[in-house]
Every structure is written in C-alpha cells, then in structure tokens.
Amino acid sequence: MPYKHKRIIMNAVYSILGRSFVYIAFIVLLSSCSADLSLQHETQLTGESLQAVQYSMVFIIHGDGDYVYHDTTGNEYNADEVTVEKAKAIAMQNPHAEVFIIHQKPKRHFLFIFPLKDGEFYYYRNGQLIVNESYWRDQEQSSFKNEFEYYRRFRADSKNEMVNIFLYFGHEIPELGGMGYDASYPERAFTVHNLANWMKDLTGVSSRFDIIVLSTCYGGTPYTIGTLGTFSQYIIASPENLHLSYFDLTLLERLELSLNYDDVQTFTKRFAQQAFERLTDEIQTAVSIVVYDVDQVKDYHQSIYKNYENTLRAIRGDSRFYPAAAEHCDCRDIPDFDLPSISAGVDVLYRPARFGKAKNKQYHSGWECWRNIE
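Quick note on our numbering: the sequence shown kicks off at 1299 and runs consecutively.
Think of the hints as simulated: they come from the structure by calculation, not from any bench.
Don't take each hint at face value.
To be verified - List time: in silico DSSO-like cross-link candidates among lysine-lysine, alpha-carbon distance up to 30 Å:
hint : residue 1 : residue 2
1    : K1498     : K1415
2    : K1596     : K1659
3    : K1415     : K1386
4    : K1405     : K1498
5    : K1498     : K1386
6    : K1498     : K1443
7    : K1604     : K1659
Model the full assembly from the supplied sequences, consistent with the hints where possible.
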C-alpha cells in the first residue's frame, strides 16, 4: 500500500508538471504568434498633450555578436545593452523629440525549443514611451523590412523642419561579402550596401538626414562614406579601431539646448570633440574621430573611388571574408590615394597609440584604406 500510494502521488505531480509545461509553452507560442499590438498605441500620438517634434533620432543597436567588455575594475558589460539604456535615457530627456530605438538581439529559444523574438523596438515622443514591443527580425536577408514598418507607422508628421539624426552602433560594417555579421544567421550577409538600401527607404519617408553617426570600427573608408553620404549632410565616424561603447552621447541630451538647426555643423564637431576626449582619457590605443562634410569630400571621393573599389575587390577575391593578408591603413600611406584633395571636408581628431610602432604616427588623413601585406 505505501508503494502504491507513493506512485499515485508521483503520477499526480508529473501530470501537474506536464500540464504546466504545456501551458507555458502555449503561452510562449501564443505571444510569439500574436497579432501586432502596436496599433493600440497609435491613438496616443493624436492627443492634444503632444508637443511639436523638432528633432528625430533613429538608433540602430546591433547586439547579435560578441559585445562583452570589461571596465577598469573588471566588471563585465554587454555594450549593446548599455547603449540601449543610454538611448532610452536620451529619449526621456528630449521633450521636443521623437526617438526610435531598434535593438537587434541574438536568436534565442525558450526551453531550448521555442524560438523567441530577436528584435526589440522602442518609440519615444516628447520624452514619453509610446511603444515598446518585441518583433521578429527579417529571417531571410538584411532588408530591415520590419524595422522600416515601425518607422513608417510612427514617424511624426511634422510641418516644421526637423533635425534628423541617424546613429548605428555595432561592429565594423563589411564593404563586400558580409557573411557572418549576425552571429545567429552566419549564412546571411550584411554590408554597407544593405544599410544604404534601408536608409534610402527612410529618407524616402522623411528627408535627407542631417547627421549620421557610425559608432563602429573603420567607418571612415571612401566606400562607406561615399555610399552613406548620399543620405546625409554630415557623417561622424572613426577610420580607426573603435569600441562600440566609446562614443560619448551626452550632447544628445536636451537637444533644444545643445543644438540649433542653423548650426548643425558646429554641433557635429562638438559631438566628435567630446567623444574624442572621452576616448583619449580611457584607452591607450590610437584614437581617431572624423567629421565628414559630405558635399566637400565629393571631389576626393570621385577621384579615388574606382581605384579604391578595384583594390578592395582584388584583395578580397572570391572569399566571403577579408583574407588575413589584408590590413587597414591610412589612405595617405598609399601613393595612389594621397592626393591634394585628401584633406578637403574632413575635420580630423587624432591621437596616436601610447605604445607599439603606431605611437610614432602623429597624423591621420581621416580616410582608411586597405592594403595587401604579403
């Protein structure tokens, strides 16, 4: 009898656990397949309490990769998550702005079986959170289809001119190939061209961006600046190595105090200067941040573009990845790219590394090229 009684109890426990598992799984599946609930938030955008939007910021934060770093005391952080929190704080401190925050996350599963949504979207307006929901990233290609739908739906319809700022945070964006950029989708390609296609859609809805901020390594190449320059007046980028977490974003707080629409150029230079000062205080490697005036750099870009693209293709060959024999270098170090117009339209902030052979390099042209080291 005791054994039979124990068996009955255990069967009941297993039955309850089994039903609980099924229930939880059902809830997860229901939430992942549920209809888009963001429509209920659209009514909040028509209230009389909303103020006119003067500034629009779009944050794209790539987190589908290795973004772990440690501070000086050994504390571990995920740089993409830190940047998301900074962006949210900026959104709440701008009562005259709208802020889109798109966080691209790694692919995950609940109980190792059920896939979870791998993107998160936030929309703030007048300092208030209007929408926060998870979504499925495009499973096929880097088209930003779902992200664009969010932008199109919630974009402020303002009759007044706005200052438009686009910010991308992530690893170096490949110029060709691009396989493996998303750790969760190693067979999917992501390149500068993919990003440019999405920006083309965005500017078709609004207008040319005033500022693009590329918080990535090696963003200051002729191909990258030339391709993205179609969609912006100014680009802030680093032609050198740059950790995701190191662009200081303080000037984006209270834009009505730090930025006047008629003085965008001055603002970009102050933004770059502040980011540069933080970097030089915190790291020992080379620091380079450049403001590119897109209209003024066109002559140099047009002069070297074909040569640069041919060099890029020759080095990469048929490989999906850049070979180990290729390395970045200052474009000035290659005679074909060291032209008189190389300095036109670039405002360069540079400090050499504190150690190694690069410590003797005292200047940087502001442009980064490739060379074969074999």
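Checked hints:
{"no.": "1", "hint": "K1498 / K1415", "in the structure": "holds, 26 Å"}
{"no.": "2", "hint": "K1596 / K1659", "in the structure": "holds, 26 Å"}
{"no.": "3", "hint": "K1415 / K1386", "in the structure": "holds, 20 Å"}
{"no.": "4", "hint": "K1405 / K1498", "in the structure": "holds, 27 Å"}
{"no.": "5", "hint": "K1498 / K1386", "in the structure": "holds, 25 Å"}
{"no.": "6", "hint": "K1498 / K1443", "in the structure": "holds, 12 Å"}
{"no.": "7", "hint": "K1604 / K1659", "in the structure": "holds, 28 Å"}
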